[in-house]
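Peer 1: Spelled out from the first residue to the last, the chains are:
Protein chains: 2
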Amino acid sequence: MTIKDVAEYSGVSISTISRVLNNHPDVREEVRAKVLAAIKELHYVPNSSARDLVKTQSDAIGIVVRGVENPFLTSVISSIEKAISNAGYTMVIHQIGTEDDEVSAGAGLVRSKRLCGLILLGGRFDYTPGQTATIEVPFVCCTYTNSFGSLDKKSYSSVFIDDYAEAYKAVKLLIENGHRKIAILLGATDDHSISELRYKGYCDALSDAGIEFDESLIERTQGYSMKKAYDSTKRLYARRDDFTALFAISDSMGIAAIKALHNLGVRVPDDCSVIAIDGIEVSKYTIPALTTLIQPRKLIGHEAVRILVDVIKGKKNCQLRVETELRIGETVAPPK
Amino acid sequence: MTIKDVAEYSGVSISTISRVLNNHPDVREEVRAKVLAAIKELHYVPNSSARDLVKTQSDAIGIVVRGVENPFLTSVISSIEKAISNAGYTMVIHQIGTEDDEVSAGAGLVRSKRLCGLILLGGRFDYTPGQTATIEVPFVCCTYTNSFGSLDKKSYSSVFIDDYAEAYKAVKLLIENGHRKIAILLGATDDHSISELRYKGYCDALSDAGIEFDESLIERTQGYSMKKAYDSTKRLYARRDDFTALFAISDSMGIAAIKALHNLGVRVPDDCSVIAIDGIEVSKYTIPALTTLIQPRKLIGHEAVRILVDVIKGKKNCQLRVETELRIGETVAPPK
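Just so you know, the sequences run in chain order A and B.
Under the numbering used here, the first residue of the first sequence carries the number 19, and numbering increases by one thereafter.
Under the numbering used here, the first residue of the second sequence carries the number 19, and numbering increases by one thereafter.
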């Protein structure tokens with residue numbers, strides 16, 4: 019069996035097949051798929067040089083980061099990098115925009131860098147088996163899981179917090195402090211992602227406490243930037259100036275919301291309590307210090323690598339849920 | 019000339035030489051150096067397979083990051099990554115601790131990943147030619163330059179702000195607002211790095227305004243964490259409660275200082291003004307918003323890549339100084 023047989027079988031030129039074997043990026047996806055299918059069907063084994071090339075890269079773990087500027091993710095990256103080094107692997111990092119597709123970026127990275135494993139740091143919650151099949155190595159969804167998707171649990175790993183349950187906890191804490199007019203600041207309520215899950219936790223916490231749902235207390239920021247959170251808080255307040263507590267789904271958004279409330283003359287926590295989820299360092303030093311549920315960032319990064327290395331070595335995939343820890347700051351108090 | 023000749027000449031086994039040629043990490047530095055010296059002296063050219071391996075990696079630019087959790091650096095990374103992609107190269111990122119040596123980490127990365135260029139993101143200001151000779155490809159010092167070192171300007175590139183001049187500007191602004199008892203919060207005064215340069219700018223701004231130097235207004239944090247800045251501000255205040263302005267050499271330190279002053283009952287800016295350098299996003303949303311000199315982070319990352327690609331393509335090294343821009347916040351006011 020030679021490369022010529024593959025060429026004849028697939029109807030693709032030898033030079034293109036060579037480019038596929040050498041993982042050149044400049045091959046169209048459909049051509050690449052055709053060649054890989056032919057190789058598989060013919061049981062073709064590339065020559066030793068090509069195999070060597072593959073072998074020389076097999077110690078690399080890729081990490082696709084969606085939104086490297088997110089202060090929450092940077093310390094997860096730091097923890098992943100240390101764990102990859104300690105495990106004797108090397109790390110290749112690739113950053114994509116929040117609108118880009120991490121699966122196709124990751125699959126491309128696996129091929130071009132001949133990775134042995136992949137960590138998707140941030141991503142969609144609704145993958146289908148057809149989408150992730152393009153990732154030819156073990157992969158871990160990091161800080162999220164396949165909540166809205168249809169993946170077989172045996173086909174992927176993940177390390178995540180239960181966004182629904184953690185949001186429920188945050189809102190419950192506000193309710194326990196006596197609040198009933200509780201607003202929420204989130205990206206969207208139907209994004210099949212963090213916002214939607216935390217929104218459901220918010221709704222159920224209210225419902226379980228016998229508090230009627232009120233649409234006008236829901237503020238959709240259509241994004242996660244501090245600027246959007248700041249502007250949205252002002253919009254929310256223009257519509258409803260009587261809420262006594264606000265649940266922001268991230269620390270960054272919570273910090274921007276506190277600033278907006280301050281500029282509106284609303285005192286936190288005297289006039290309005292604020293709680294968030296993340297626990298980034300700077301939120302300890304805001305005035306007042308943010309009350310928040312801390313995600314265990316070091317643990318998340320460390321466990322993502324541990325699980326991935328296990329799967330690379332032949333163990334089964336697994337989905338690991340980790341818990342947040344409450345950091346009591348200065349932004350939650352009973353309503354007056 | 020064969021690999022056997024290299025083995026005999028160097029007294030190193032063929033398998034070890036092969037590992038060196040294939041850039042395996044598990045070769046001791048002294049052995050690697052011995053083998054490389056023998057290869058050079060004998061003018062040995064590795065076989066085509068080894069040469070292919072080198073060739074397959076030549077589109078990769080490495081970036082060694084000192085302190086990936088620094089919020090200032092994360093957006094520079096973001097900008098570097100985009101510029102590398104746009105220039106048709108790929109990026110390999112490696113993170114090291116603040117105490118680690120970026121030159122040896124970078125030199126190792128160049129060899130193991132067969133990089134064509136290197137960006138050192140954060141690093142020492144005092145390299146000697148002997149140290150950087152281990153980096154076998156063009157490199158750019160990013161966000162700093164060789165202020166305290168002895169490198170030939172033709173041998174390296176850099177993109178940096180003039181730490182001395184920018185600190186001078188910040189302190190001058192406080193003086194123009196009427197302050198004369200101005201404290202400084204910095205890492206150390208003799209670190210041959212950012213702190214020392216900004217300290218000199220502080221000293222000269224005071225001196226040029228006829229303000230006598232006062233050692234007790236200098237607070238050394240021995241590090242850059244928010245925790246250290248917070249504790250240091252409390253120590254400073256315990257020693258001197260009469261300063262009317264504080265220059266913090268970074269935004270993060272400035273935010274922590276404002277929190278410490280607040281907890282001490284000192285109102286910012288009514289009782290004490292605060293100014294910093296960096297311009298990270300969150301400092302727009304602190305209460306009060308931090309007045310700061312913004313480093314052009316996007317420009318710094320973009321220019322570092324542009325210069326590096328130019329040098330890879332044969333152009334000369336260069337040192338590019340960029341300027342900050344004042345962002346007027348709410349933390350500077352005349353003393354009462």
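Simulated from the structure, these hints should not be mistaken for laboratory data.
Among the hints, a few may not be true.
Same chains, same names: a pair is fine if it fits in one copy or spans any two.
Derived pair list, reagent style SDA-like, types lysine to any residue, alpha-carbon separation capped at 20 Å [what the hints assert, rightly or not]:
| # | residue 1 | residue 2 |
| --- | --- | --- |
| 1 | K246 | A25 |
| 2 | K245 | F90 |
| 3 | K172 | K252 |
| 4 | K171 | T342 |
| 5 | K252 | K302 |
| 6 | K316 | A105 |
| 7 | K331 | S211 |
| 8 | K334 | N195 |
| 9 | K100 | E117 |
| 10 | K58 | T152 |
| 11 | K334 | G126 |
| 12 | K302 | H280 |
| 13 | K100 | S130 |
| 14 | K58 | R285 |
| 15 | K22 | A256 |
| 16 | K100 | E343 |
| 17 | K245 | V340 |
| 18 | K187 | E341 |
| 19 | K316 | L60 |
| 20 | K187 | H280 |
| 21 | K302 | S122 |
| 22 | K190 | L344 |
| 23 | K252 | I305 |
| 24 | K52 | D170 |
| 25 | K252 | H280 |
| 26 | K52 | S234 |
| 27 | K190 | I57 |
| 28 | K246 | H280 |
| 29 | K245 | D77 |
| 30 | K190 | E47 |
Peer 1: Are the hints correct? Go through all of them and say.
Peer 2: Do the hints match the structure? See the list:
1. Taking CA atoms no more than 20 Å apart as the test, K246 paired with A25 passes in neither setting, with 53 Å inside one copy and 64 Å between copies.
2. Taking the shortest alpha-carbon separations for K245 and F90, both the intra-copy value of 17 Å and the inter-copy value of 18 Å come in at or below 20 Å.
3. For the identical chains of this complex, K172 and K252 are neighbours neither inside a copy (46 Å) nor across copies (54 Å), given an alpha-carbon limit of 20 Å.
4. Taking the closest pair of Cα atoms, K171 and T342 never come within 20 Å of each other, the shortest separation being 23 Å inside a single copy and 51 Å across copies.
5. Only between protomers do K252 and K302 lie at most 20 Å apart by alpha-carbon distance; the minimum there is 16 Å, versus 24 Å within a single protomer.
6. Taking the closest pair of Cα atoms, K316 and A105 come within 20 Å of each other only inside a single copy of the chain (16 Å); across copies the shortest separation is 33 Å, beyond that limit.
7. Proximity of K331 to S211 under the C-alpha cut-off of 20 Å is found in neither arrangement, the shortest distances being 31 Å within a copy and 44 Å between copies.
8. With identical chains, the CA atoms of K334 and N195 are never at most 20 Å apart, being 44 Å at best within one copy and 65 Å at best between copies.
9. For the identical chains of this complex, K100 and E117 are inter-copy neighbours only, at 15 Å across copies versus 28 Å inside a copy, given an alpha-carbon limit of 20 Å.
10. Only within a single protomer do K58 and T152 lie at most 20 Å apart by alpha-carbon distance; the minimum there is 15 Å, versus 44 Å between protomers.
11. For a Cα distance limit of 20 Å, the shortest separation of K334 from G126 qualifies neither inside one copy, at 24 Å, nor across copies, at 34 Å.
12. In this assembly of identical chains, the alpha carbons of K302 and H280 lie at most 20 Å apart whether taken from the same copy (18 Å) or from different copies (13 Å).
13. In the homo-oligomer, the alpha carbons of K100 and S130 lie at most 20 Å apart only across protomers (18 Å), although the nearest pairing inside one protomer, at 23 Å, exceeds that limit.
14. In the homo-oligomer, the alpha carbons of K58 and R285 never lie at most 20 Å apart, since the shortest distance is 66 Å inside one protomer and 71 Å across protomers.
15. For a Cα distance limit of 20 Å, the shortest separation of K22 from A256 qualifies neither inside one copy, at 70 Å, nor across copies, at 81 Å.
16. Proximity of K100 to E343 under the C-alpha cut-off of 20 Å is found in neither arrangement, the shortest distances being 23 Å within a copy and 35 Å between copies.
17. For a Cα distance limit of 20 Å, the shortest separation of K245 from V340 qualifies neither inside one copy, at 30 Å, nor across copies, at 26 Å.
18. For a Cα distance limit of 20 Å, the shortest separation of K187 from E341 inside one copy, 11 Å, qualifies, whereas the shortest one across copies, 46 Å, does not.
19. In this assembly of identical chains, the alpha carbons of K316 and L60 never lie at most 20 Å apart, being 45 Å within a copy and 49 Å across copies at closest.
20. When the C-alpha separation of K187 and H280 is checked against a cutoff of 20 Å, the pair qualifies neither within a copy, at 26 Å, nor between copies, at 30 Å.
21. Taking CA atoms no more than 20 Å apart as the test, K302 paired with S122 passes in neither setting, with 37 Å inside one copy and 35 Å between copies.
22. With identical chains, the CA atoms of K190 and L344 are at most 20 Å apart within one copy only, with a shortest distance of 12 Å there and 43 Å across copies.
23. In this assembly of identical chains, K252 and I305 lie within 20 Å of each other by CA distance both inside one copy and across copies; the values are 19 Å within and 16 Å between.
24. Proximity of K52 to D170 under the C-alpha cut-off of 20 Å is found in neither arrangement, the shortest distances being 25 Å within a copy and 52 Å between copies.
25. For the homomeric pair K252 and H280, the shortest alpha-carbon distance inside one copy (10 Å) is at most 20 Å, but the shortest distance between copies (26 Å) is not.
26. In this assembly of identical chains, the alpha carbons of K52 and S234 never lie at most 20 Å apart, being 53 Å within a copy and 73 Å across copies at closest.
27. Proximity of K190 and I57 under a CA criterion of 20 Å is satisfied in neither setting, with 57 Å inside one chain copy and 69 Å between copies.
28. In this assembly of identical chains, K246 and H280 lie within 20 Å of each other by CA distance solely inside one copy; the values are 16 Å within and 27 Å between copies.
29. Neither within a single protomer nor between protomers do K245 and D77 lie at most 20 Å apart by alpha-carbon distance, with minima of 41 Å and 37 Å respectively.
30. For the identical chains of this complex, K190 and E47 are neighbours neither inside a copy (49 Å) nor across copies (58 Å), given an alpha-carbon limit of 20 Å.
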